[in-house]
Amino acid sequence: MNFNLLTHQHRHTGSVIHHLPAGLKLGVALILIVGNVCFPLAWQAWFLGVAILLILVAALSRISPWFLLKRILALSPLVLGVAAVNAFQTTGQGHWLGVAERSLLCLLTVTLVSNTTPFSGILRVLQSVRVPNLLITTIALMHRYLFVLAEEAGRMHRARASRTFSHTRRFQWHTLSSVVSQLFIRASERAERVYDAMCARGWK
Amino acid sequence: MNAIEIHQLKYRYHDGTEALRGLSFTIAPGECVALLGPNGSGKSTLLQHLNGILPEKLSDDGAVRIAGEAITSPNLAAIRRQVGLVFQDPDDQLFCPTVEEDVAFGPQQLGLSAAQVATRVQTALAQVGLTGFEHRSTHHLSHGEKRRVCLAGVLACEPAVLVLDEPTSDLDPRGRREFKAVLRRLPATKLIATHDLELAVELCPRAIILDQGRLIADGRTVELLADEALMLAHGLERPHILDHLHPHDHHS
Chain A
393 MNFNLLTHQH
403 RHTGSVIHHL
413 PAGLKLGVAL
423 ILIVGNVCFP
433 LAWQAWFLGV
443 AILLILVAAL
453 SRISPWFLLK
463 RILALSPLVL
473 GVAAVNAFQT
483 TGQGHWLGVA
493 ERSLLCLLTV
503 TLVSNTTPFS
513 GILRVLQSVR
523 VPNLLITTIA
533 LMHRYLFVLA
543 EEAGRMHRAR
553 ASRTFSHTRR
563 FQWHTLSSVV
573 SQLFIRASER
583 AERVYDAMCA
593 RGWK
Chain B
18 MNAIEIHQLK
28 YRYHDGTEAL
38 RGLSFTIAPG
48 ECVALLGPNG
58 SGKSTLLQHL
68 NGILPEKLSD
78 DGAVRIAGEA
88 ITSPNLAAIR
98 RQVGLVFQDP
108 DDQLFCPTVE
118 EDVAFGPQQL
128 GLSAAQVATR
138 VQTALAQVGL
148 TGFEHRSTHH
158 LSHGEKRRVC
168 LAGVLACEPA
178 VLVLDEPTSD
188 LDPRGRREFK
198 AVLRRLPATK
208 LIATHDLELA
218 VELCPRAIIL
228 DQGRLIADGR
238 TVELLADEAL
248 MLAHGLERPH
258 ILDHLHPHDH
268 HS
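Sequences listed follow chains A and B, in order. Count along the first sequence from 1, then add 392; that gives the number in our numbering. Count along the second sequence from 1, then add 17; that gives the number in our numbering.
Because the hints were derived from the structure by calculation, they are not lab data. Everything numeric in this text was worked out from a predicted model, so none of it was measured. Hints may be right or wrong, so weigh each one.
[Claimed, not checked] Keeping only pairs whose Cα atoms sit at most 35 Å apart, straight-line, the calculated DSBU-like set for lysine-lysine is:
{"no.": "1", "chain 1": "B", "residue 1": "K197", "chain 2": "B", "residue 2": "K27"}
{"no.": "2", "chain 1": "B", "residue 1": "K74", "chain 2": "A", "residue 2": "K596"}
{"no.": "3", "chain 1": "B", "residue 1": "K27", "chain 2": "B", "residue 2": "K74"}
{"no.": "4", "chain 1": "B", "residue 1": "K27", "chain 2": "A", "residue 2": "K462"}
{"no.": "5", "chain 1": "A", "residue 1": "K596", "chain 2": "B", "residue 2": "K27"}
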């Protein structure tokens with residue numbers, strides 16, 4: 393299991409793109425995504441323009457192309473799934489490539505924004521546009537504990553691997569399912585402890 | 018008036034485990050007390066009672082009193098303002114993305130203005146020696162730094178009583194030394210549940226020993242820890258630091 397996909401690049405570089413205001417980056421990203429989704433495929437100039445812009449941003453932000461590729465590949469099954477569904481529809485034949493094109497541009501946009509903007513900056517923008525506090529808290533907690541749970545899963549995986557002597561597929565699935573169920577229980581217990589810690593500091 | 022007053026405190030978990038079986042003791046303002054005992058002796062359960070996290074349904078029996086006030090639903094917020102609880106696992110306590118936001122969480126809950134919150138954050142970070150860490154991600158700190166941010170988050174609420182659960186567990190010697198130095202500087206009343214007997218000797222003139230939810234002993238730390246039979250009977254051991262302690266060195 394590789395949990396490096398959860399890492400962010402914005403901590404390691406300090407390019408022009410990283411220093412742009414979070415609100416500006418999120419605003420532009422939103423416009424690009426809405427445009428990618430809404431504009432007809434015949435407007436190829438738009439899609440080409442977006443692609444060039446994103447490549448330019450990627451270059452300026454000094455994020456490794458290999459990192460971007462890995463991140464997009466990790467998310468591409470979703471994109472390809474949507475495109476495949478489209479390919480098998482009688483009215484949608486021929487458009488699957490267009491769906492894949494739109495989706496990949498959207499993914500690249502989101503990947504670039506999330507890796508050039510500190511997460512706390514994104515939360516502050518959400519707060520400033522009056523997104524409900526409960527939703528912001530939920531997103532913040534999810535982001536915070538995703539890493540903790542990923543590390544916990546990594547530790548359990550290593551412990552399991554160190555005592556795994558049989559490599560039959562059935563056994564591997566069995567142990568994987570027990571790791572997942574343990575992780576669920578631990579996540580639930582941790583959630584209770586986190587809630588207690590929040591209450592201890594006056595959370596109402 | 019006592020800072021903490023416990024009278025016949027009992028608690029049973031949902032699975033029937035009797036965690037506390039009639040504890041009684043008091044702690045005076047400004048005291049620093051070590052809470053010792055083997056795993057499962059009820060230390061963490063007791064600490065959670067001091068902040069009103071346990072029991073799930075608060076009663077007005079007055080088994081726990083903070084500065085003379087029984088912990089009840091109406092005064093729960095006021096009690097939590099007075100009692101700062103530092104949890105055992107820093108990852109449970111650091112739930113905000115950055116150090117600054119996490120330390121600001123408590124003061125914001127108190128309804129302070131943005132300027133007051135910022136002042137409290139700066140003061141608390143300075144107290145634990147982490148000035149300049151404001152924008153660091155809580156996830157990417159070392160274990161020792163996480164511990165100190167947890168403490169800063171509690172100090173920012175300016176509690177009169179500090180309750181710490183295993184504050185030095187998992188810390189390397191340097192982290193332990195630094196954390197002890199921070200604790201030594203804090204004037205608040207402190208109750209520290211710990212297996213670190215050196216910390217108990219160095220910081221706490223008084224110790225309370227729990228086992229199986231009962232109070233076993235309450236007295237001067239050096240005297241209790243020097244009693245080898247008592248230590249062994251309750252899953253503890255006489256710390257080596259006692260052999261190197263000059264009779265007049267220790268605070269009494």
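Which hint numbers does the structure go against, in order from smallest to largest? 4
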